[in-house]
Amino acid sequence: MKVVPSRLSEWVRPVTLQQPACAIIEIERVSQVFQTSARKDHLALSDISLTIDEGAFVSILGPSGCGKSTLLYIVGGFVNPSSGAAKMKGQAITGPGPDRGPVFQEFALFPWKTVLGNVMYGPRQQGVRTNEAEAQSRALIEMVGLKGYENFYPKELSGGMKQRVALARTLAYHPEVLLMDEPFGALDAHTRTRLQNDLLNIWERDRKTVLFVTHSVDEAVFLSDKVVMMSKSPGRIRQVIDIDLPRPRRRNELLLDPRYQKYVVDIERMFDESDEAGSPS
Amino acid sequence: MKVVPSRLSEWVRPVTLQQPACAIIEIERVSQVFQTSARKDHLALSDISLTIDEGAFVSILGPSGCGKSTLLYIVGGFVNPSSGAAKMKGQAITGPGPDRGPVFQEFALFPWKTVLGNVMYGPRQQGVRTNEAEAQSRALIEMVGLKGYENFYPKELSGGMKQRVALARTLAYHPEVLLMDEPFGALDAHTRTRLQNDLLNIWERDRKTVLFVTHSVDEAVFLSDKVVMMSKSPGRIRQVIDIDLPRPRRRNELLLDPRYQKYVVDIERMFDESDEAGSPS
Amino acid sequence: MMSRFLSTNILLGVAPIVLVIALWQGLVSFGVAPAVLLPPPGLVFGRLVQQLETWTFQQEIAATVVRLFAGFAIAVVLGVSIGIAAAASPAMNALVRPIVRVLAPLPKVALYPALLLLLGFGHGSKITLVTADALFPILLSTYYGASTVEQKLIWSAMAAGTPRYEILFKVVLPAAMPAILTGCRIGLVISCIVVFLAEMITSTDGLGHALVTAARTFQAVDMFVPLITISLLGLILNALLGAVRSYLLRGFPEA
Amino acid sequence: QQTIRVGWTIPAEESKYWMMRRPAEFPDIGKTYNIEWTQFQGTAPMTQALAAGALDCATQAPLSLANGVVGGNLKAYIVAQHVFEKPGGFSVYWAVMDDSPIKTIADLKGKTVGISVIGGGTQGPFNLLLKQNGVDPAKDIKLVEVGFAVSEDALRQGRVDAVNMNQPFAARAEAKGGTRKLFSLSQAMPNIVHILEACRADFVDKNPDLVKAYVRDITSGMKKALANREETLKVVNEVLKAPIPVLETYLLKDNDFGRDPGAAPNFPAIQKMLDIYADTGMLPKLDVAQFKHATIVAPLQ
Amino acid sequence: MAKRAAPALACIGLLAVWQVASLVLKSDSFPTAIEAIRAIPDILGDRESLINILASLRRMAIGFSIAVLVSMPLGLLMGRSRAVAAFFNPLLMVIYPVPKAALMPIIMLWLGVGDITKTLVIFLGVSLPVIYHSFEGAKAVEEKMLWSGAAMGLSPLQRLVRIVLPAALPEILTGCRTGLVLALITMITSEMIARQSGAGNILFNALDMGQYDTVYAMIIIVGAMGICLDAVFERVRARLVRWSEPQFDLPLSFS
Ligand SMILES: Nc1ncnc2c1ncn2[C@@H]1O[C@H](COP(=O)(O)OP(=O)(O)OP(=O)(O)O)[C@@H](O)[C@H]1O
Ligand SMILES: Nc1ncnc2c1ncn2[C@@H]1O[C@H](COP(=O)(O)OP(=O)(O)OP(=O)(O)O)[C@@H](O)[C@H]1O
Ligand SMILES: [Mg+2]
Ligand SMILES: [Mg+2]
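Going down the list, the sequences are from chains A, B, C, D and E. Residue numbering for the first sequence follows the working numbering, starting at 1 and increasing by one per position. Residue numbering for the second sequence follows the working numbering, starting at 1 and increasing by one per position. Residue numbering for the third sequence follows the working numbering, starting at 1 and increasing by one per position. Residue numbering for the fourth sequence follows the working numbering, starting at 1 and increasing by one per position. Residue numbering for the fifth sequence follows the working numbering, starting at 1 and increasing by one per position.
Hints should not be assumed to be uniformly reliable.
Mimicking DSBU-like on lysine-lysine, the simulated pairs with C-alpha atoms at most 35 Å apart in a straight line are [said to hold, decoys possible]:
id	chain 1	residue 1	chain 2	residue 2
1	D	K75	D	K86
2	C	K152	E	K144
3	E	K26	D	K142
4	D	K241	E	K26
5	D	K181	D	K142
6	D	K109	E	K26
7	B	K262	B	K155
A few chain E residues that face chain D, going by a derived Cβ cut-off under 7 Å, partial list only [claimed, not checked]:
id	residue
8	T32
9	P105
10	M108
11	L109
12	G112
13	V113
14	D115
15	Q158
These are computed hints drawn from the structure, not numbers from a lab. Built from N, CA and C at the ideal position, the CB exists for glycine as well.
Excised from the complex, chain A in its bound form:
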């Protein structure tokens, strides 16, 4: 089933039109097998192929445990796939690099650094002067709503606050590609909406490519050019849906847009149609 909203051709999508759509990330027949402690092989990803255009905002939706995080690790270069290959700009990905910035599901903040120290880490590493890095970082910290918490250590933050620090830390060093693993999962609706808008602003301004894992169909449709739907056990790509909605998108306008609603409803229905969560292979 393919969702194609009717009569969209006349809509202008500024971002994708301004630049020729050329592939920045290519994932080719990637599979991932894990060895479990019980010495059994566990197939987490099976034969994934996916192409992401430069400047595109791609969301991945899928049931819990379907391999979304694993796919992100592979694109990030943290994990080598058991078979297949991931490429960035035509070059095979062999390791992590500052061109691809991850926001991990578990945050992975440096416990020995304060909020400010965590956020400043990236820019300093890129050679930005301390003053400048600090100014930028403070601005980002304010953006994620943590002004006043600059000198707190991660252990002194709530779950959602840690998540926002992790987000700011990655944004701070301006990676070309953002690999975000449920970056708003622990946030309340209000903060989440604000950050979604901020992220969209950054994306539109800097022409970033974003690979975005989320569990919220809403969020995926609101943010993305493309939604990748995965099925589980083993994780496969079920469907890739182009979201043809105008940009820049404003939440309150969009909510009233019937096409938006149709996308959401269609995607939700697709998931409902899928069978129950399976068992490991």
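Add chains B, C, D and E with the ligands to chain A, keeping to what the hints say.
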């Protein structure tokens, strides 16, 4: 502002009617001050008073960092409030007990035990025979959709899978009061809905009292008898809203119910009206 | 409130030491141990205070402290760098692991005569012995600490563009810091023991030498003064290490 | 069957080595009484062990024993003697390299000198000799502690300018050559007693028969050791693990220490040593009579 | 294959370095590796030596076991209770830096010169790292895991045994590993001053007699024992803490 849906008196709410509403948990003028590493005092909770009736399903909604988890810790007896007191059945809470079962935001699984080992831990501790405990645990694991993963260690699970194990682990030993901190936060919409229903079933069957932290207004309205809205910096109770919707609730029926929609919209608007996330005191 | 907390802690800590001294006094008073082997604590502490003011005793302390610090410092530098290198690079690991397995359990004192001939009777041989003995606890703790650093911390830093060798200093080292400091604490105690032992075996100065001279002529009080001194020294150094620890680990949950 | 706890050390207690390694040769050991042997590193720790009551009898040097008496309230009897410096035999000496500019004791001024144990038994006579030659032992030389086992190496490596030598290390060094004798202890006094056997007085008083049997065996052990050199070499080799060819070069020969055929203590010589220690300020004046038991003293038949 | 050969290669390399160094230094008290290896069969062929070595190993096993059994609970308690830590920390820091060799006279007074004394010395050597690693390991246990346990109705003691212990196990095992190394060292050095039987007996006897080939042969033997014990220990460790092994290869590897 108080949300009172009109003409609700004739609706029957089976659970609350079957038993006299008597307070099981009383929180009285609780405040919590943290000492940060920078040697400053940070007021996380300020003067919280709240009463929870036996068998009630109470949700807490509030911006990230407003002190929801801290409040749960206090009711759980894990943290002593800086001032004020929490009581359970009229007795001051002095420490944790198997009558109050927490599901932590960070899962806190035992890494040296398999999924089955984690879930069986509580029942075994309560003196349930191994066979029986195992049977019960396997049923719970199947309920949370992890059949086949019984022998996996926590490090081999995805974020959402860990969260479900944490949920099963707490449900397994049948605490009277459930203290759940965003227990569905890392789950996809489909799994989430299924587990919401399962939780409601358990709650209706066993007459449990549930204190439930969530970021989803939807979820709060769908599940709760009462929604507590908090504001942040320092965390205070802004409003307590009774949700007068019929039970048992069915998601698809409810979604079309205008009262349900009104609750959701009203609560969301209330949050939108609130000021931006503040800074620490 | 904080200060009250602190003072109860200090009280708790002083209590067992007072108990030990009381037990000591009791042993002497009730004649369980003859005074020639175990002099009464009052006498020992009196003599200690008296000795601390003398120039010669201060020099003995200085000699011991210099060797202790030098040996310990070298052990820390070597132990931490080798430990981290072994955790980071399989090649280093393959090299270091068997060598450590062989060298760690060797009784280093047996090498002391060879060290004496090689390095002379001065500081060199003793510092080397201290280093050799304190090295392995630090190295082992560092190695285990560094090899269990959480993966995603390293990933985060790599993604931020940290070169691989810098990861060692910027992530692995701070993340393994709790384990390293535990190793250092053990290494410090071992340093205290070994420097004293080396001075006892062959030396012309230092606290260990002071003890041996006193022991040979059965001057029990003078024998216990260096013992108490080294034990106080250990206490002070450990307190310093504790302060360093709580500063370095202020961000960690356990600090 | 009673047990006697005995401390021993190496390298020159042949009669005790015989008792340890050839107990069958002795009528009583293992039959009427038992010996629990504990080896110590040097005589000083044994003095402490005696004082602490952890040993009943032990090898002692005159100085360590006297220290125990003065400082440690030890009461003990000298019951036998192991080795002494017989005239013409071996005497502990200080060696220098052949090509060393040090020709006389006076040349030691300003040099680094090794001694086996600072404040040990050899230091009394050593100090006496230095003083006699106008060298202040406290100011004019740098004294370092060099155990006998490493003394040869320390000298050859130039770590010390002069060092004391003892058997069997002296024999080994001489065989190699390149060193020469500067002076020996016998220049300070003849008949220096190096090691003797002492027993705690309270133990002797309580178990006179037991100690008597023990001393009797020491006497007969000494006899056996002197009578059967072949076997003694084997026994010493088993204990010291030193190769027989090395032992062969000196053990029980003219270039070895002297041994009294009945292991009898030479009390006058011991008294003379105590006097030297008193003169050099190492000890207060002591009378050797307090170490003498009326009946229990070697030789016993 | 290369990985399997690495330990052997490292040992051979170590021996080669030694051989060259001893040839360069040309000192009687530092024999060549070949001389030392030649002396090994003499030691191992001697029944008496074997009995000696076995006696040492027995003492070590006893000292090590008791130390682990006593220190681990103490360390864990210290890690979970500030009061216990405040009570024991200064006490331990006063006791440990004192070299046991210096306390020999007093220890002999009560415990004699036999097995008990030596086992005590081994005990003290092993307990130092085990206490501190257990201590730090217990401190670092994630609070919420304990909370979960408490909510399931575990008593404080049960929490200590069933949560703190397994959670801190990797760290405790690091301590035991260091303890094993120290056990071997103290097994030898405890026989330095007073000896009846044991591996240290052989070693120090040879040292006193200047038979350096035997000294170094003994050192090789102790090193070999270290390797064996270590290999056994690694197996046990791998089995006990399989759950904590890193999931992916450390991406730091430069290979
Ligand atoms: N180290 C591992 N060993 C074995 N299996 C693993 C390991 N890591 C992940 N898996 C398995 O791989 C599958 C995919 O995991 P992944 O974390 O990618 O899921 P996910 O899609 O991110 O899920 P979630 O939405 O819950 O975070 C899961 O079934 C998990 O059990
Ligand atoms: N150990 C601590 N030291 C200092 N401040 C702390 C500590 N723990 C929590 N806080 C502060 O207390 C406040 C409330 O934290 P809490 O975890 O209860 O928030 P929360 O409502 O659960 O947020 P979230 O929805 O993001 O999980 C935060 O501002 C946090 O910074
Ligand atoms: Mg995931
Ligand atoms: Mg929270």
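Hint by hint, here is what the structure shows:
Taken as a hint, the D/K75 and D/K86 pair is honoured in the structure, with Cα atoms around 28 Å apart against an allowance of 35 Å. Between the alpha carbons of C/K152 and E/K144 the distance comes to roughly 21 Å, so the proposed pair stays at or under 35 Å and holds. Taking the CA atoms of E/K26 and D/K142, the gap is near 26 Å; set against the 35 Å cutoff, the hint holds. Straight-line distance between C-alpha atoms of D/K241 and E/K26 comes to about 23 Å, which keeps the hinted pair within the 35 Å bound.
Taken as a hint, the D/K181 and D/K142 pair is honoured in the structure, with Cα atoms around 19 Å apart against an allowance of 35 Å. Restraint check: the Cα-Cα separation between D/K109 and E/K26 comes to about 30 Å, which is no more than 35 Å; the hinted pair holds. The straight-line distance between the Cα atoms of B/K262 and B/K155 is roughly 42 Å, outside the 35 Å bound, and the hint therefore fails. The restraint placing E/T32 at the interface with chain D is violated, with a minimum CB-CB distance near 15 Å, outside the 7 Å limit.
Using the Cβ-Cβ criterion of 7 Å, the hint placing E/P105 at the interface with chain D is satisfied: the shortest such distance is roughly 4 Å. Hint status for E/M108 relative to chain D: holds, with the closest Cβ pair at about 4 Å, below 7 Å. Residue-level restraint check for E/L109 holds (minimum Cβ-Cβ distance to chain D is 4 Å; threshold 7 Å). Given the 7 Å rule on beta carbons, the hint for E/G112 holds: about 5 Å separates it from the nearest Cβ of chain D.
For E/V113, the interface hint holds, since its Cβ comes within 7 Å of a Cβ in chain D; the closest pair sits about 5 Å apart. The beta carbon of E/D115 is not positioned within 7 Å of any beta carbon in chain D (closest approach about 11 Å), and the interface hint is therefore violated. Given the 7 Å rule on beta carbons, the hint for E/Q158 is violated: about 45 Å separates it from the nearest Cβ of chain D.
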